[in-house]
Structure formats: C-alpha cells, structure tokens
Amino acid sequence: MNSENVKLLNKERLDDFLKVLFRDCIVFGPTRKGNMLLFDRIESIDDIVLGRGNTMNSVKDALFPQKENLFNYRHGDEGTEIQKPSAEEKGMVLFGVRPCDAQGLLLLDKVFGGGQKDPYYIDKRSKVAIIGIACENPDPACFCLALGGGPCSTKGSDLLLIDIGDKYLVKAGTPKGIAFFEEKVFEDADDEALAKASLVEKKAEESMNRAALGEAGIGEALEKRLEKLFDDPIWGEVTESCLGCGVCTYLCPTCHCFDILDETVKSTGERIRIWDSCQFPLFTRQASGFNPRPSSKERFRQRIMHKFCYLPKNENLPGCVGCGRCVTKCPVNLDIREVIKKISLREAT
Amino acid sequence: MSQLIHEIKEAARDFLRDGEDRTVIGFEQGSLPLQSRPCFIRKENDLERLVWNGFCKNNLAGYLPKRKGKIAIVVKGCDSRALVELIKENQITRDQLVIIGVACNGMIDRNKIEADMDGESIVDVEEGEDVLTIKGTNSSKVFDRKEYLYDHCKVCTNPVPVIHDILLGQRDSNTPQAPVNDTFSDLEDFSALDGKERWKYFTEEMNKCIRCYACRNACPMCYCPECFVDASRPQWVGKSTDLSDTMIFHLMRAFHLAGRCVGCGACEQACPMGVDIRKLNRRLQKDVMDLFHYKAGCNLEEKTPLATFRTDDSDSFMVEP
Amino acid sequence: MVYAAEETFACSIDSVTRMADTIRNKGLNRVIVAACTPRTHEPVFQAALREASLNPYLFEFANIREQCSLVHMNEKETATEKAKDLLCVAASRAALLQPLYRISYKIIRSALVIGGGIAGIKAALSLADQGIEVNLIEKNDTLGGLARKIPETLEGEDVQGFVDALIQNAAENSLIHIETNAEFVDFSGYVGNFLSVVKTGKEGALKEIRHGVTIVATGAEELKPREYLYGEDGRVMTLLELDEMIEKDNNSVKNCDAAVFIQCVGSRNDERPYCSRVCCSHSVKNALKLKELKPEMDVYVLYRDMRTYGFKEDYYKKASDQGVIFIRYQPEDPPDIHAIEEKGKSFLRLTATEPMLGYRLEIDADLVCLATASTPPAGNKPLSQMLKVPLNEDGFFMEAHMKLRPVDFATDGIFMCGTAHNPKFIDESIAQAEAAASRAMTILAKDELTAGGPVSQVTTWKCSGCGVCWTVCPYQAISCGEDGISKVNEALCKGCGVCVSSCRSGALDLRGVSNEQTWSAIRALLG
Amino acid sequence: MNESGQWKPKIIAFLCNWCSYAGADLAGTSRIQYPPNIRVVRVPCSGRIDPFFILASLQNGLDGVLVSGCHPGECHYLSGNYSARRKFALLKGLLEYVGVEEGRVQFSWVSASEGVRFAKVIEEVTSHIKTLGPAKILVKNIPGGSFDVSAHP
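The listed protein sequences correspond, in order, to chains Z, B, C and Y. If you read the first sequence in my numbering, its first letter stands for residue 1, the second for the next number, and so on. If you read the second sequence in my numbering, its first letter stands for residue 1, the second for the next number, and so on. If you read the third sequence in my numbering, its first letter stands for residue 1, the second for the next number, and so on. If you read the fourth sequence in my numbering, its first letter stands for residue 1, the second for the next number, and so on.
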C-alpha cells in the first residue's frame, strides 16, 4: 500500500482536523435531531455524532435537497425578470459519510453531471469534499457487498476514516483527498495500523447478514432476467402489501427523480425543484387522466427495473448501494433483498 | 402465545376450506428482528407463515377498501374499530368478512427499543409476557414490555376487538371488554402550554416531515381515490416541504379524519421521521367526544359526527356582539 | 379585461341596453358590474347578457355600494382600496365562470293524495275543481276517516252529513280515482315526476301511479288508554265512544246520574308531551250533550288546564252555567278510580285533590269518559321513510318551516294537511287542505319545470362512495348511483353546497361557486 | 400595508347569501358605518364553507377570517348551517390548538334583518384582530413574493 494515500489520524487530533474543516467550509455530517440521527448541516464540532450507525436520511440531501430554489421571477410591463439564487462561495465538506452513501453519489454524478449537466448539482459537487467513515458493525439490513461496495470501501469518498482503536486509518480515494494530508494533524501509517484496519474490514464483512439475499447476485444475470419478467405475475405477488408511499425512494441515496413547479404570488414567484417519487400515482398520470402505471404493481416494478436493469444499462451502475434504508423504514417491511431473491429464483413464464 | 398462533391458523384454515376466492389477511415474520408484517394467504399450506407477537403493529383494515371476495382478517382492538367505520362508509361489506379478533396486549415500538440500544444493531429478540430480551451485535438487554409500547397502545381504551366472528387471546381481567370512554389525560400537559409554545412544538414536528405520505397511505381511513394534496384546480396545498404547506397538509388530513380516526397509530408507525402526527388526531378525538359524544369505531348504527348534526349543538364558540 | 366603462345609473333601462350592445359589438364573454347588491340587481344585468345572447351565468357582481361606499362614507382612501379588492375578487371569479344551463322537463299534471279523511278528500276535490287528475288512496275500506265517528261539532254543525256529501262529490268526480284498502308500498322520483306503487283492494294487486305532486293526509287516531280501568269496566270510555253511545242508545246515557270527564289522558306527559288541542272542546261538547239529554245529571270535568280556544270559550261558559263542574287536578296527583259495590249499588268512585282548597274529593259516577290524546298512526314512520320527509318528535309530519312554509315539506312537490300534521279541529283541517291544494297548484299550473344551473356535480372517478353527501344533503338530492358512486338529482338540488364542503375526496363541486373560484377569490386578496 | 406604511388588517368574510349577506346589505342601506377592513366573499350557505377556504385564507396572509350564516333554524337550506356549525367548532378548536391566535378565525350568525348586528360583529372582529397584529402563523412566505424590487429597478 502506497503511503502517500494512507495516513493515520490520532483520535485526539480529530477535533483539530474538524476545526480546519469548519474554518474553511460548510460542514454536513451525522447529528441528532430529537431521537433521530440525521445527515444535516452542522454548526459546531460538538454536534457531530459518530458510531451510532447510519443516518435516517442519506447524504444526497446535501447536494440534491428535497426543495431547491431554481430562481425567482417577476412578470412586469417590460417582460419577465429573473433573479438567480446567490450561489454559496464557501467550500463544502460531507463528514462521516458511510461508504454506501458515498458510493451513491457516484450515480448522482452520472445522472446530474453526465450527458445532461445540471448546473445546480454540479456547482455544489465541484465545491464538496466527501470524508467517509467505515462501518465497524453493519446493520442486519445492510447488503453493500452485493453491490460492489463494502463496510470499508473508498468508492466515492475523497477520504475514508477507519476506526482502529485510538486512531483512525485514513485512506485517500482521490487527489482531493490526498490534498487534505497537507494538514499536519496526520501521521504516517505503519504496517500494524494497516493490519488492524484490514482486520476491522474482515470482521465487519463477516458480520454482514447474507441470508435475505441468499445466493442471488446483482448484475448482468439479474438485468437479463428482469427484462424477461416485465409482465410476470410476480410483481402483483410481491407488491400486495405495498402501501404506495414514498419512504423507500425518499430515503434512498440514489433515487433522484424530481418535479419542477412555480409558486406564484400575484405577478411574482419562485420556481422550485422538489423530490418526486415513482411510487406516487401522480408521477405518471397524464393530462387525459390516463395512468400507464395505475397501481403499486407497476410502480414498484418500475423502481426495481430502474435500479437493476435500466440504470446498469444506461449508466453501467446499479441504482442501489445496499444501504438498507428502504428495508428498515418500509412501513410494511417490504424487503428489496427478498424481492431480488424471489426474482432470481423465478423461472421466466 | 404458540397456542394463540395455533388457534389463528385453525380459524384461517376453516375459512379457506369453506369456499373459493378467499383471502386470509394476517401477519408473518418480517425480514428483520422486531418486525412482523402483513401477509396475504390463499393456500392452506401457506398458513404456516402466520404469526402473532408484539410486533404485529400494522392495521390490516387498510387493505380492505373496495376489495372483492371473501376475506378473513386478523384484527386487534384498534383494527376492529377501523373495520366498523369502513363498513359504515361502504368500503367493505360485513358479509364479505370473517373477523378473527385477537385481544391485544399492546404492540412494541421498535424505535423506542433501538433508541436505547446505544447504536448497537439488533440481531434477535425473545418476547416474554412482561419482558423483552433483545440481543444486539455484542451484548443483550432486557426491556420492560409495558414501557416500550407504542404511545397509542399506552392510551388504548379497548384492546379487545369491538366486532369479531371469532375472538382469541387471553384477556387479563383488567382489560375492558367493551369500549370505554377515553380520558385523554395524555393531552393535558400539552394543552396547558400557551399557543406560542404549541406552535413552536408543531413547527419542529412538521419541519421533520418529508412528505412521503406514509402516514396517509398507512391510514385505514385514508382511501380517497385522490387525496386533496394531489389535487389540482385548485391545488389547495403546495407540494414542497415548506412549513406552511406541510402544516396545512397535516391539519387538513387530521380534519378529514375527525370523528373517523380510530386511534390505531398506523400513521405514526409508518412515519420514518418520527413526526408526532397523533397530537392532532388526539385533539380532534377529544373534541368529537366532548362536543358530539362520539367515539369512532364503536358501533355500526351511529352516524359519523360530520355526516349529521343536532339542532342543540353548541354555539358557544361564536361571536355574540 | 378588454373594456371598461362608467355608468351613472347602471341599472337604468338605457344603460342596460347600452351594456347589451357593447357585449354584442365587442364580443365580450364575461361581464362584471361594480355597483350595488346582486341580491336585488343581478337579474337586471343578467337580462342584459341574455339580451346579447350571452349565457346569463357569465356575470359577476362587485358590491361596492351597500358593502363599501355606504358603510365607509368618511374613509375615502381605505374604502377605495377595499373597492379595488372587491373588484379583484369579482374579476378572479369571473375568469373561471362557466356557462350554466337549466334543463326543463315536462311535469305530470296529476296529484296523489294519501289518506281519505276530510283533509284528504277536501284537498282532492279542490285540485279536481281546478282540472287536476287526482289519485286518492285510503288504507281502510271506506272514506271519511276519524270524522266518521264524530256526529257533530261543538258548534252543532252536522259532521256526518258533511262527510257524506264530500265522499259523494269525490266519488262522482271523474277526475278523482279512489282506491280503498290501499297500502302504500313504494315511492320514487322528484317534483313533477313521482312514481308511487300501491297495493290495492283485498287481493292486493300492485298498481303504479305517476303523479306530479304528493299530498300527505294520513290523519290521526284516538288513543286507547291503559289508565282508569279502561277496557276493564264497560262504564269507562273514550270521547269518541261516548259520541257513539249518545248517538246510538241514549237510554243507557239517560240512566246515568253522574258522569265524569278526565282530561289529558295520555297527553302532556313524558311519553306524549304535546297537547292534543281538540279534547277540551270535545269534552265540553259531550258534557253539554249529557246535560241536554238529562239536565239533572251531575257532570264533572277533571282537567289540568281547560283549553277551549277562541269562541269555543263560550261553550265552556255555557257548560258551567248549566252546572257542569270543572275541577282541576295536578299531573303529579291524578285522580284515582275504583269500581265499588255498595248497598246493592255499583258505581265508579273517583277521588281527586282540588289543588286550591287542597280538599280530597270523592265523586261516585256511573259513567267515566276519558279525553285521550290524538296520536299519529303507526303507518307514519314507514311512510315518512319512503317519502324521505321528516316526522317531529311526536311522530306527526313536520313542515319545512312553521311560519314560512306551513304546508310544505322540505322536499319539493310534497305537501301535507289535516291531523297528519298535528291534532286539529275539522275547520282547521279543511283550511289546511285548501292551502295544500293551492300550494300544489303552484307546481301543477305549469307545463314544465326547470332544473340544473348552479347545482352540485360529481366527478365520478374521485368519488369513494363513502356516502357522507347522501346524509348531509337537506333535500335527498344525492343518492347512491351505479357501483356505489354518488349521483346528483338536479331536479332536487338547491345548490347549497353542503355536500361539496363535506366531500373529503373532492368529488363534488358546486357550479357557479366552485372550489377553484373561491380559491382564486382568496388569492385575489393577496398582497 | 398602505402607502403610509402603517399596518391595516385585511379580513376575509364569507357570508351566506340569504342571511348574513342580506344583513350586510341592510347595514349598507341603513348607512351604518363599520371598519373597512373586511373583504366579502358571497357563498350560497355557511354550509358551503370548506375548511380549506379558511386555511387557504390564512396561508395567503389574510389577517383574519370571518364566516357568517343564518341563525340556527333559519337556514334557507334548512340544515346547512347546522352541518357547518359542527365543522366550524372542530376547525376552530384545531387551529387554536396548533397555535393560531384565538379570534383570528371567527364565526357568527347574522340574519337578513340584523344590519346593526352585522356592523357590531365587524366592529368586534376587526378590533380584536387589530390587537392580534399581522398574521404570521400558517402564512406561506414565497421568496418570489418578496421579490427584491430595489435590486431590479
């Protein structure tokens, strides 16, 4: 392992490092709101909460907020005036990001920064640094391994902190990450530390629950199978208990559908972008009143198809990172892992 | 417990054997500890999936509106009250239903338990009469069952189903068999606060809301073909997470449930953000009781209060110059 | 906004004509007038729209006189701000106005009268005299109702002769079709177009009757009491039974030495809180009859309050002049009655406390007459459910408004008269029958009625069939249609909009005062 | 606000056509003076008032809401006001419960013959809302609504 992209951070120096971040940047990270652990903007170091599992919401909220002002407008006698929101000058740090969430950003990058460039996302993305933290004890709902990630994966992170006791082993995943090593809070990593780190990784991976997914893999095979199963009765079977709410999509680190609307007061107003969900009937209802996805069956199928068939095809990344939020938070525990399992066991009819 | 599960399975079996086009709606073990979930059974050999435990929280009545065919449904006290209202509102007919009532000892609030696990994730649970033994990744803890019930279970006044074809489960002598009136003592402290403080509270709560509509979709009484919040021309409520819009969504939803809310807590269970939605419904339940002497879901004859009136209803809230 | 003009007297004929011309010439399709109140002047300006062959519902009124200039005389600036706002509201509503159309439909120029007592027959005759075909249905095998049991009125008019004449006229009138032994089994339709099904005759053949109006005249009955040995002792009878006795064998009456009337039997108590109105006069009438047959007979009336209305008071006086003794009793201390055998004599002993003196009185009588309550027939309840019209707490039919609509029901085209409404004297029943007939004529005089316009409408796919609108509608204008979805009967809907505000799923809306119009009216007041 | 920058409450009044609106007309023809802060919206019956009308009024920043109908037993539509009264009682309670100031939303019965009473009601409601100050609770603030005019001459 090449020493210039691996360092050590003594836990006593963590605050010094954070001070630096707070000095130069707007910091987002895991923090308590009531009895809830949220990933949100943080004003002071003391508000950061580590080692309490993953946050209720995903980190996408920081770069792709649920409600975003695109511009204000006014219809006057000389046509319409536009007022753009003033862009944030300061840099941004997302601290304490779980590897799964970090990996999720890679997909958002493709969606908002690929063929179609979204200025609002790109602007924030260009200013943001992702500092991840490894999962020492994953939740029973986690399945990141099945999606090419892992409790200590650096995918999508500029820096990744791995807790090895009194120190963090800090891996840099990108040049942006390496740049942080300029700060004198870091020390060089020794082999012992590296060994400890890989042990943490091993332990974490072993502790992961593989039962729910079983042998089912996520990849080309699933992609092909899904194409065949589009009209299969399985969709009706697996969605019978679905309530049709937006929990799964709104908490998902990769779901990125949105709606754009104007809110007007007399001749002035604002144009906003808000999250939308493929699970809502309005998502596809047409002006005529006709809805090509009239029920949960079609909507849920779209969600699965999009994640494991269309996105892999178009962006060659799945729309899932195995964070398990949709599994734990679904009001009826409709488990995406079990659905994938059922599909992979299903003989195409 | 196992005896009870057996009885539920037998009741369901008899029902399935009775004829064609029949569905049993009950609970099965979920994919995670502390989770049971709805299941739909049509074949006798699937009956083994049926479970009954302290995590059968969902209100299965929500699956009934406009459903065809014969249905056997497993209900707790609160679920049965929802059935009563749904039958009154023509969403399902009594003769479609075989109601397997289970006297309920309250359902356990997963979030409360998780909050007290110090971030340790839960791998297994053992449910006793009065205690729960929760195994975490590297330790195990014992919880007092009563302490960790859902708030709405703690104030439940009739855990025994009000209508049923079969009634199962132990009822410890002090659980009332028939509906009794609610004291709403849980509202006293909050109502005592002054308006500004109450507004502050609701502001904080509603700011958590992400407008995923899990509350609405989990609610057995929210069966409108189109919810007002999805309507256009006029679009009464904005769709963003703007505080005012969110507040009005919840206010209006609560109002639409006035005299209909059976207090099953499905909304709060479904909410991923832990918004205290019931605070609104509880108040309306109280007012409906105080003003119109009506408790939702208690009998099939009484008209729901906003579908009727009395000429001597109170005027006291009106301006008298 | 393509055209604005100022008029000094906007409602004057020439300016209205000018308005019509402008609408035509400029091809206007929405019109707003900012002036006085729509309550008086909307029709005037709507006429201008009609004149210009523009749908009259495309009109909006801003009331800046009664509700602005006249009430804020000394606040020019703020009053002007307000006037502007009121215009904004009008404009925002106008933009969303839709043309509304009233559909007209033929009415069936015939009536159904339910009940063949005096009120029913009288109403039938009155309608027939005006050329209306009438179906008169009676549940018993003869017409005449309760009046058949009343020989004459207090004033001494011959009731039987009168009823015979009525029945004969009805029977001879070619426009009146009488059905006796008839049972009312089904009812549907709306004003001008009802359909009733009646089971007729002994064999109970079903007969369909189509009619434009319905008159309820089901009458009342005399209560057969449980108290005072009634039914146990032959000497205890009701007023009507005494009438009959006096008519048929006055010898047994003449044999009596003492008779006692007890008032308010079964009335003005918890079970029947109402006063039966006629019984005081009836008792006085019979008391006088007894005195006439046998002046030396002791006649007593035990009463709570003597209510001999108006000039009937004269007969009360006459009775006391003739020695009829009126003794008051308190409801909490009613008279006792015992059948007594003494020294080979058998009589009824009544004991009562005279409240003013506090004395306990004993009266030995050979005849006791109970002035019992008039009660609604048991048939009222099922009938009211079939017709969907209300009964009051006492079980009599309830009018739409005691003062403003005394013989109407809330439901258009259904009227009532006689003792079906509450206990009355014959003359009152007759007056009410004539009233009901003339109210019915206000509909039957027309060839067609119009319906629709500003009424409720259902967006079927939004309706969940929860039924809240079926119950809140004051006119039963909304009912359960195919596959459980609500449907509005435009002929019955009055456009109050109660159903709209009660509909959670937004399936109902009110034409002319739509949700969207109100929403934009509110928005117009912004800023 | 008016030119002088001094706050004047704006109160929306939903009046039923047959009683309260007529009462308002009578107040007018009898030249009874009352505060000019109300903006009348005519509805057929107090029973037509959907709770949304009231919430929308508050959300759109109106300082007060008055709903007025026929006295009990005098409803032109027989029972419209009875059905309405139940809705109002619950809604008023709910709004005050979440923190909407008492008196921000008010209800009254005014008949066609009560011009004086109508004026009194308006007096009372207006003066009460003046003491409450401008509405804030439930008001929706749209940034575009406060479009920075100075920045864009």
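Derived by calculation from the structure, the hints in this document are not laboratory data. This one's a predicted model, so the numbers in the text were calculated from it and none came from an experiment. For glycine and all other residues, C-beta sits at the position ideal for the given N, C-alpha and C. Mixed in with the good hints there might be a few duds.
[Said to hold, decoys possible] Not everything, but these chain Z residues come out facing chain Y in the computed CB check (under 8 Å):
#1 263
#2 269
#3 270
[Unchecked claim] Once the Cα atoms are required to be at most 20 Å apart in a straight line, the calculated SDA-like pairs of lysine to any residue come out as:
#4 Z:127 with Z:41
#5 Y:140 with Z:273
#6 Z:341 with Z:256
#7 C:84 with Y:140
#8 Y:136 with B:112
#9 C:26 with C:10
#10 Y:130 with Y:6
#11 Z:124 with Z:187
#12 Y:140 with Z:241
#13 C:207 with C:10
#14 C:291 with C:251
#15 Z:117 with Z:256
#16 B:239 with Z:273
#17 Y:130 with B:195
#18 C:149 with C:84
#19 B:88 with C:251
#20 C:248 with C:84
#21 B:112 with Z:271
#22 B:88 with B:239
#23 B:70 with Z:241
#24 B:135 with Z:256
#25 B:68 with Z:256
#26 Z:110 with Z:258
#27 Z:329 with B:269
[As the list claims (entries may be wrong)] Listed next, the stretches of chain B that the computed footprint assigns to chain Z, with coverage defined by at least 3 CB atoms under 8 Å from CB atoms of chain Z:
#28 119-128
#29 182-189
20 Å limit on alpha-carbon distance, applied to hinted pair residue 124 (chain Z) and residue 187 (chain Z): 30 Å, violated
Restraint status (C-alpha distance of residue 68 (chain B) to residue 256 (chain Z) at most 20 Å): Given pair residue 68 (chain B), residue 256 (chain Z) is violated - Cα atoms ~36 Å apart, limit 20 Å.
Restraint check for residue 110 (chain Z) with residue 258 (chain Z), where alpha carbons must lie at most 20 Å apart: Since the Cα atoms of residue 110 (chain Z) and residue 258 (chain Z) sit roughly 16 Å apart, the hinted pair holds (cutoff 20 Å).
Coverage assertion for the segment 182-189 of chain B with respect to chain Z, Cβ distance below 8 Å, three residues required: violated (count 0)
Hint consistency between residue 88 (chain B) and residue 239 (chain B) [alpha-carbon to alpha-carbon, up to 20 Å]: 32 Å, violated
Restraint status (C-alpha distance of residue 140 (chain Y) to residue 273 (chain Z) at most 20 Å): Holds, because 17 Å separates the two Cα atoms, which is no more than 20 Å.
Distance restraint between residue 130 (chain Y) and residue 6 (chain Y), which requires alpha-carbon spacing of 20 Å or less: 12 Å, holds
Restraint satisfaction for residue 269 (chain Z) [CB to CB of chain Y, less than 8 Å]: OK, holds: residue 269 (chain Z) within 8 Å of chain Y, min 4 Å.
Interface hint for residue 263 (chain Z), Cβ within 8 Å of any Cβ on chain Y: OK, holds: residue 263 (chain Z) within 8 Å of chain Y, min 5 Å.
Distance restraint between residue 140 (chain Y) and residue 241 (chain Z), which requires alpha-carbon spacing of 20 Å or less: 36 Å, violated
Satisfaction of hint between residue 256 (chain Z) and residue 117 (chain Z), Cα-Cα up to 20 Å: Holds: residue 117 (chain Z) and residue 256 (chain Z) sit about 14 Å apart, inside 20 Å.
Hint consistency between residue 26 (chain C) and residue 10 (chain C) [alpha-carbon to alpha-carbon, up to 20 Å]: Between residue 26 (chain C) and residue 10 (chain C) the Cα gap is close to 18 Å, so the pair holds against 20 Å.
The structure is inconsistent with the numbered hints 6, 7, 8, 11, 12, 13, 18, 19, 20, 21, 22, 24, 25 and 29, although it conforms to all the rest.
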